[in-house]
Amino acid sequence: MASPKPPDPSTLLPLPSAAFHILMALAGCELHGYAIIQDIAARTDNQLRLGAATLYRSLQRMLEQGLIVETGDRPAPEFDDQRRRYYRITRFGESVARAEVRRLTDLVRLAGGSGFATGKA
Amino acid sequence: MMLLYRTLLRLYPGSWRAEYGEEMCAVFLARRQAESGFIAFQALWIETIADLLTGAAAVQMDQLRQDLTYVARTFRRSPAFVVTTITIAAVGIGATTAAFTMLDHVLIRPLAFADPERLAKVYEDHPAQGSRFGDVSPANYRDWKRTSKSFEMFGAYRGLSVNLTGQGDPRTLEGASVTSEVFPILGVQPVLGRYFSSQEDRDSAPGTVILGYGLWQGLFGADPNILGRTINLYDIPHTIIGVMPKTFYFPNRDAQLWTAMRWGPKNFEDRLDTYIFGLARLKRDVSMQQAQAEMSTIASQLARAYPKELARTGATVLLLRNDVSNQALLMLKVLLCAALCVLLIACTNLANLLLARAMVRRRELAVRTALGAGRERLIRQMLTESLVLALAGGAFGLLIAYSALPLLVRLVPVSLPIAKVPSMDLRVVLFAVLITGLTGIVFGLVPALRVFGGQDATGLHESGRSGAGGRRERLRSALVMAEVAGSVVLLVAFGLLTRALWNIQSVDPGFVADHVLTLRTTLPVPRYETAAAREPFYRHVLDETRRLPGVTGAAYTSFLPMVNRGGIWPVEVEGHPQDVSLRRTASLRFVTPGFFSAMGIPLLQGRDVAESDTNDSPYVAIVSQSMVRRYWAAENPIGRHIDIGNHNRLIIGVVGDIRVRGLERSSEPQVYLSWRQPDDVSPWYSPKDLVVRSSSDAVALAPSLRRIIHDADPAQPVSDIQPLTAIVQAETASRRVQLGVLGAFGAVAFLLAAVGIHGLLSFAVSSRTQEIGVRIALGAQRSDIIGMTLREGFQLAAVGIIAGAVLAYGSGRLLASLLAGVQPGDAATFAAAGLLAMLMTLAGSLLPALRAVRVDPTTALRAD
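From first to last, the protein sequence lines are chains A and B.
Note that numbering that gives the first Met the number 0 has the first sequence beginning at 0, numbered continuously upward.
Note that numbering that gives the first Met the number 0 has the second sequence beginning at 0, numbered continuously upward.
Hints are computed from structural coordinates only; laboratory data are not their basis.
From the three backbone atoms N, C-alpha and C, an ideal C-beta is built for every residue, glycine too.
Please note: incorrect hints may appear among the correct ones.
[Unchecked claim] Just so you have them, the derived chain B footprint on chain A, three or more residues with Cβ under 8 Å:
#1 29-43
#2 51-57
[Said to hold, decoys possible] Here are the computed distance ranges between Cβ atoms for each label pair:
#3 A:Ala-41 <-> B:Ala-56: 41 to 51 Å
#4 B:Gln-65 <-> A:Arg-42: 25 to 35 Å
#5 A:Ala-41 <-> B:Thr-6: 40 to 50 Å
#6 B:Arg-75 <-> A:Gly-114: 46 to 56 Å
#7 B:Asp-424 <-> A:Gly-114: 52 to 62 Å
#8 A:Arg-42 <-> B:Asp-61: 20 to 30 Å
[As the list claims (entries may be wrong)] One-sided excerpt, in silico: chain B residues whose CB lies under 8 Å from chain A:
#9 Tyr-19
#10 Glu-22
#11 Phe-27
#12 Glu-46
#13 Asp-50
#14 Leu-51
#15 Ala-55
#16 Ala-57
#17 Val-58
#18 Gln-59
#19 Gly-833
#20 Leu-835
Using the sequences and the hints given, assemble the complete structure.
What follows is the structure, given as structure tokens:
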């Protein structure tokens, strides 16, 4: 099924935080589900550990939205597990992630004017 | 451990499990291996369970949203199908919900009193008269109350009809006289003021009255300072001491006010003078059976103490909730059964429709299966589809039921202290939701399972239109047969009850109801206590009325037949052994001269009462034919004497019998007395109903009659203006409503069955286009093709009709007590129903048959 890509990445903003983390995890490489969880945990210093249900539901939705795709490429057999599926970020996914970063940056800048962002809290 | 995880995974849709289940297990396994230590392990589980549950809910919602989108898309493609299904579902669910609401209102819902399951009515049991639920005499009530231990409280009440004067136009109000125990027994607090005290409930106490909510709102403009005000009831001042809430109905829904009983010693003298009802609250630990046993013992003790009067009198204790006649009960049950029948037929039809649709869509489904959509997923979609249809149908059904309720009020028994129009509450809505869900699942699941019952891939092999596998055809045929059977049952029930109604309507009431207008003016005492005081009023009204153009007769009577079924007096007949305990009774009326000709009751022998039959002349009586048959079978009754109405009376005439107690019940023999004998007839028995016969439209006389009565005494109200025909028709009103409902149900069922047959045959024809084409090409005659199609229809119908007839006979037997003499196996009714069902089959088969004939062999053969 060819999913029609939304022309404008901003329609998906703001991204759910799980989706944003997954996109960040997939930014450089293809990963399978558990690897994504580990990557996110490492990146956030164990602050965020996605549950399997949350992960796969996010993945399913992101697949539908065209942010990521399943890849047919497999690593060398000795590292592979038949049950595992690997995911890769799409171009659209990349542009949505960038748009989300811009949105967050703008937000932080706005917050700076309010005095919340001085780090004194 | 993994087992628990996998079990939790079952919360997800199967398609999701197939897709991600294994991976999720793997992830969970990996995380578990990464954790060590008891605390971490516990934390992991808590986290995992929360994760799984929220995830499952979200995924299910996602899928539901998807399914709904899909369903919406398919619906947009076939609006006719959607409208048809929703309509059918709405009719079935609406009918059942309305019937259930009625049943709930009358039988199930607790009465609006405190602890209603401990409220009981206590009656006198008169086996000699065949009446277990007889009125009670005050003396017996007093002794019952004194001796019984089963009840927390024991009270009594009687119906009341009073004239209210001095408050705008004079008017007649219905209500009840109650002893001071009655309100505390019912346990409903007044919205204003208080109950009667025991001081107010005695002879010579000042008059007090409690108003019903409707009366307070209507006549007194909801005046918050109403307490302490005085109103005149029968010219006697009564102080308003309370107002009851809106939902307080006692003893029935028509009661608008209540007064205290105020008995004196005189009221307790005669144990045969029965005119009250006992109302009691059972003690907490006493059962109905125990109370009944105790009351029976007490009744037999009283029978020994007063053998002359009470030798044949017992006591009956009945739960207030159950004070419904068997006939009213049966009518409601018939209604519910008929509604369920309609629902069943509707479901059958819907299943058939969806099945046909599923067959047509088999190719689409097969393709989607081949593309990887799981079977479970497709079944789920089909179920979503049918549930959406059922829900829409259910919503409309609720609307239908709600708007139908006011039409059914005639089926709410008047004997119960409940509202006139049944209300819907959450329980009823829940019931509707339940039925809707069941409906949706039944008519959705059957086709879904059927479609996927065979091998998966057949849909791809077969050409799109030859979906009629033998097995499925059989299922659909069975469904259609069930529909025919159901509609035959409804038709027969309708037919039997219609004939019963005809039987009842053809019962001769004993009087000629056409062109007679009746109206009521109850003259108050003490002003009108004596005949001398009443005479000018009657004379003025009757003389002036007789002068009106077209009037051929006018008279006053104490009771109209069928309106007031009371006025039953003990009678002793000269030459017959005296035994008051047998309660030989007659229905008694005090009348003015001319009553018989005004009513059209034939005078068979002797003479009418005359103006000259006054208190000073010999007391006379006119008896009805059944009285003559009973006591003087072979002799001339004229000149004989009877004791009735506290006096010995000479029989001067014999008239035809009338149906005092209504068209469906046998009546006591009737006795008519001159209204002046004695000259102080009690207010209850003094003439109050005016009967006017006219040679033309009697109803048109109403304004003139009002004016005449106003001229005679402007303080007297005129109420109950109605033609005598309306009174007779009211006898059959509930039956006519019931028949109307049954008829409507029957018609719907019939239509649905016809649609079912049509649908099945159309489908059979279109799936056999090729075969028919070949036959025509090979020289088959058009008539052969028509015959072939019709035969199929008629075979279905025949089986359905036979099965339906058997069921109908069974239900007819259950209806026996409603049939008024019509046999449950009434041949004419069955023949008519069978014929109608055949005609319906013909109508349903005709179009498909014609379509079959029009098959063009060349196109049919080329099609594939």
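Worksheet item: So which of the earlier hints does this model not fit?
Response: Violated: hints 3, 5, 18, 19 and 20.
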